[in-house]
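K.L.:
Residue numbers (this note's numbering), protein chains in the order written: chain A, 218 to 480; chain B, 218 to 480; chain C, 218 to 480; chain D, 218 to 480.
For the record, the hints were derived by calculation from the structure and aren't laboratory data.
Just so you know, not all the hints are guaranteed correct.
Heads up, the list lumps identical chains together, so a pair's fine if it works in one copy or across two of them.
What the hints assert, rightly or not - Okay, derived cross-link-like pairs now, EDC-like style, lysine to aspartate or glutamate, Cα gap no bigger than 16 Å in a straight line:
no.: 1; residue 1: K450; residue 2: E314
no.: 2; residue 1: K342; residue 2: E480
no.: 3; residue 1: K475; residue 2: E406
no.: 4; residue 1: K450; residue 2: E406
no.: 5; residue 1: K473; residue 2: D241
no.: 6; residue 1: K473; residue 2: D244
no.: 7; residue 1: K292; residue 2: E314
no.: 8; residue 1: K342; residue 2: E353
no.: 9; residue 1: K475; residue 2: D244
no.: 10; residue 1: K379; residue 2: D422
no.: 11; residue 1: K450; residue 2: E275
no.: 12; residue 1: K285; residue 2: E314
The structure presented is a predicted model; accordingly, all values stated were derived computationally and were not measured.
There are 4 protein chains.
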Amino acid sequence: MVADIATVIATQQVNIISMREYVDTVDNRFFVRIEIAGCDDPLPIEQQLKIILPEDAEINVNPSPNIKIVVLVTKEYHCLGDILIRNHFKTLGASVECVIGNHQTLQDVCTRFDVPFHFISHEEKTKEQFEAALIEVIANYQADYLVLAKFMRILSPAFVEKFTYSIVNIHHSFLPAFVGANPYRQAYERGVKLIGATAHFVTNDLDEGPIIAQQIIPVNHSFSAPDMVRAGKEIETAVLAKALQSVFEERVLIYKNKTIIFE
Amino acid sequence: MVADIATVIATQQVNIISMREYVDTVDNRFFVRIEIAGCDDPLPIEQQLKIILPEDAEINVNPSPNIKIVVLVTKEYHCLGDILIRNHFKTLGASVECVIGNHQTLQDVCTRFDVPFHFISHEEKTKEQFEAALIEVIANYQADYLVLAKFMRILSPAFVEKFTYSIVNIHHSFLPAFVGANPYRQAYERGVKLIGATAHFVTNDLDEGPIIAQQIIPVNHSFSAPDMVRAGKEIETAVLAKALQSVFEERVLIYKNKTIIFE
Amino acid sequence: MVADIATVIATQQVNIISMREYVDTVDNRFFVRIEIAGCDDPLPIEQQLKIILPEDAEINVNPSPNIKIVVLVTKEYHCLGDILIRNHFKTLGASVECVIGNHQTLQDVCTRFDVPFHFISHEEKTKEQFEAALIEVIANYQADYLVLAKFMRILSPAFVEKFTYSIVNIHHSFLPAFVGANPYRQAYERGVKLIGATAHFVTNDLDEGPIIAQQIIPVNHSFSAPDMVRAGKEIETAVLAKALQSVFEERVLIYKNKTIIFE
Amino acid sequence: MVADIATVIATQQVNIISMREYVDTVDNRFFVRIEIAGCDDPLPIEQQLKIILPEDAEINVNPSPNIKIVVLVTKEYHCLGDILIRNHFKTLGASVECVIGNHQTLQDVCTRFDVPFHFISHEEKTKEQFEAALIEVIANYQADYLVLAKFMRILSPAFVEKFTYSIVNIHHSFLPAFVGANPYRQAYERGVKLIGATAHFVTNDLDEGPIIAQQIIPVNHSFSAPDMVRAGKEIETAVLAKALQSVFEERVLIYKNKTIIFE
């Protein structure tokens, strides 16, 4: 199959920049990511691949991406700040179309970067109403991804379904440890020696979507729960940044609730 | 209180090598570890401390330690091998009095290092009988600690109670993620990007005792469950070695199911 | 001595938050950092300490700090961006009084955060003239520290002397490997498997001042020199942030061209 | 070219287990490692590849490896101990044919594992005589690799030439920092916050051969030079083990004094 695919691409007079394969030997499935340069029109490649590959093969031919995102936040600034700085200097790999906050705390920093901010309070709204308001705003921007940058509301299955594998969340623990609320409090109580952060796609199982990136830092007995929160913010920022880079460079495939990441 | 303690020690004409404190501000408890040199008889220090400290203070004055351990194993060699090498070259910080295995797999390597090996099968025995047999052997050695170096049997509350905070276990996951059996299989299914190992004291709650040391290594989608097992063995060995060093150098205090480690 | 110091503090009716000692056994010197709360006037403590301590003891009693900094930059935004975000949200531990750039590239981002930016070109100026211009601007702000956040000019001994141990630099390599220019190019040529960053105080020996913090990330053969630069920026930002935190919380002592950091 | 190679392999009715490529875009060179299963006779594949590939292509077809090594040591046990344990339990990926020591310190531990030990003192011998004696012993074993497991003698160019890219050394620093003798002393004097270890192929430039693996651990001001030595031993052991695994699994290509490692 590698031979066939490579032959198709070779006949199109383009250069292969990189090619990475992975074989899931359990399910006997083959994954490949090929990065090519000098291709004005990817359509012929896609058509040829459809002919030579099995019918159930999933083919994605993506022209040079111009990814648009909407960021959802609550009050914490650290992940958003990092995203805004990268966005401003055009190294994020995507364009922040707008930020939506269920508090107004982060409006000012968005305004400073000329990024539209929409305040949608969750108060005095049912979850349905709140999410309808979110969807109404999001609809105005043709976003490829929603990024939950410390957005502290749990989204409903109905909402998540609208954005399958398009919502990236940063969870403030080394999943699957400390699922749910107050993970640093849980970590403190348990006396762990490492704390972590996990970036993952959001699915309908809370904190159970495909993991994109994880990282840890050492802590010790002298860390209070607030100390852990502070230390954790540093890796939350770093892990989300790394995950977004992988996603926006289209290095991430999803299969059976896991990610295959071609770095 | 620091002033009082330091004064007591100063009057005894000994040298303070190191002094580390920790204040648990939640419970308002004070912990201090003082390492002294040039002290032939610690008794006067202990007596003086009892006088000046509150009645409920816990005082441990340990003369230069000569720690004895018994190691329990099943079939996996990596942790035991590391312990035997360090023991042989006298850098373990403790002396391995004997090894007990519920399989005979590791008898040969012990014999090569002149370390007594006792084979106690768990087969055709109730847990009670099995543990009685263990205790009978252990009783012959005045062990300060039992080290579970990949010992794959769960010990009963009755057994654990006999050795409170004297049993060190290596768990093949980053606790509290993946408690219980087959953590690498669980990690593989979940698609984590890091796997870990945890050394902890054994209490009656499975995998819930005070954590001494933890470490992780990165993995990716290409790791099968057996690959994770193999990678995990490297950090299991490293984490257990580090934890034992802290314990044998008497740097570890236990308080409220957590460890305070004065490194 | 610990006893004496602790007694002095105890008599002043203040609370000791934390106390950390270090004994340099080579030089037989004793270092201690004590953090206290509830002290309105530190003068009596300082006076008492002077009485009880040896004449050559160095005593620093710092009231709650209100640290002011000036940041020097060239064109790269990553370290400055991180500092500006933390400064804006008041978690930097210091206040950015102004930013000075020898290029105008980063003026805009400073303006967005209402931080004064001074453009001082090094072109058509001797080093002496350039540094005189820097000093003139700096003099307007009573800065406790200068932070070189990817400032790509080497400062003269005369300049450095004016700010002894008050200039923090981020060097884009794991010192002492790859001293000087183009460390990533050097790292690429050498085929290293890790790249690093070092935050250090600036002295008159290029890249030889006391090291405050260091960190590394793994790289492999597929990293081009530009890839290493990109990856390196992430840890440059993180290492500088960590070093500044230690410095601004006054946890860093300097002795014999090394730092003692009481974390 | 990928297409051509894949086609060759496909026609031989074997299974591709993994395939990893790397393109050096600077020199425009292509590297590929293909792991296949179910191939009784690799000769036809090799012949076919020679036909389709450019004349200057380097082709290595290795049947299931049965690698033999000779280990050279001085007095330190930690790397050798780890190698002997893995060798004994057949997880090293190679077979230790013998150990050569220029001191007798480690004879006993080899004997315990039934591994031949040859004592060849360097004393009262010229370097030429010493190396002639080494070569005489090594000649009796058809070793694929020499492993310098803390062998503290510098080998002559004449010796190294006999074993081009077949000598693996563990250097006790994070190269290229602290080249040469006493790296931990140098690290201590410099006040670094991380110490490292480097496994590399030996070439005629001291400590300048292609790097296979590197790792670091954090240290702080409280580490004396001996403390750094002790901490360093842990990573020396780990780094050498990791490098040997890569080498013995034939994942390491060498190009322009750098390694390409297909993990």
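K.L.:
Enumerate the violated hints, using their earlier numbering and listing them in ascending order.
P.N.:
1, 2, 4, 7 and 11
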